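Take the sequences, apply the hints, and build the full model.
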Amino acid sequence: MTAPHKPVSHTHESDHVCWGGGREHVQHHRLEVSNLGVNYREVVALDGINFATECGRSLALVGPNGGGKSTLLKTLAGLLKPDTGMVRWRGQPLIQSSHEIAYLPQRSDVDWKFPITVRGLVEMGRYPNLGWWKSYRQHDAEIVERALAAMRLQALQHRQISALSGGQQQRAFIARALAQEAHVLLLDEPFTGLDGPAQENLEMLFKDLAGEGRLLIASHHDLSTVGRIFDEVLLLNRQPFAFGAVKEVFTSECVARAYGRTS
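Under the numbering used here, residues 309 to 571 are what the sequence shown spells out, in order.
Calculated from the structure, these hints are not laboratory results. None of these values were measured; they are calculated from a predicted model. Check each hint, because a few of them may be wrong.
[Said to hold, decoys possible] Below, a list of computed lysine-lysine pairs in the DSS-like style, where the Cα atoms sit at most 25 Å apart:
#, residue 1, residue 2
1, K515, K382
2, K515, K555
3, K382, K421
Okay, structure coming up:
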């Protein structure tokens, strides 16, 4: 796999301190979730979610189907409004930095028949940075090129997204997030449906992206690979059951509690 890309430097370096492979950060950007609750009418989807993590890490959301993993990702992405609690990024309400958050839905939720090329999809990542009145510039084209190169998609950039394999589709969406210059990547079941080689490539990519200083949060259902892929884990079933370093809290006891199993 090619080495992670080196994003274009910015005039206001403090706005993007996460960028640059191996860079030491004076202070890591921090995501804080406090007493988060989400309801679907009369149904409680999430209740009392509390955790904090920071850039340079990968966090697995683990729990049974219907346990709130996708709901939490959509809330962090700003697609759902919480009924209680607060999400802060870099000490401010998340809504003030939503352009730094990229959401990658489950592949089954994507309309792969939509007529767009790989390059067109990646270019969409620049829209949050352009705003209403800014035009697409050479600077934007350069960032798109870097994102395509980082995901090894140059040869596929003019292909329709429907013609890609599962692993290539995931790389295309991650390339869009890189073009957005997102600090936080929220991925809903990114490993589902991938064959062995594609899964191994995505695992390596996770490590590269976290190593560059990004924060990755992904829902994940394969318990056997959590420790191999992620640094941290949040076990939840509508409410949190454990959060912390995988080596410390991803125990059989905590997993059984989250899944409602009894000994």
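Verification of the supplied hints:
1. For the proposed pair K515 and K382, the alpha carbon gap of about 23 Å is at most 25 Å, so the pair holds.
2. Distance restraint check for K515 and K555: the Cα-Cα separation of roughly 17 Å lies within the 25 Å cut-off, and the hinted pair is therefore satisfied.
3. Proximity of K382 to K421 is assessed by CA-CA distance (about 23 Å); at most 25 Å being required, the pair is judged to hold.
In this structure, every one of the numbered hints holds.
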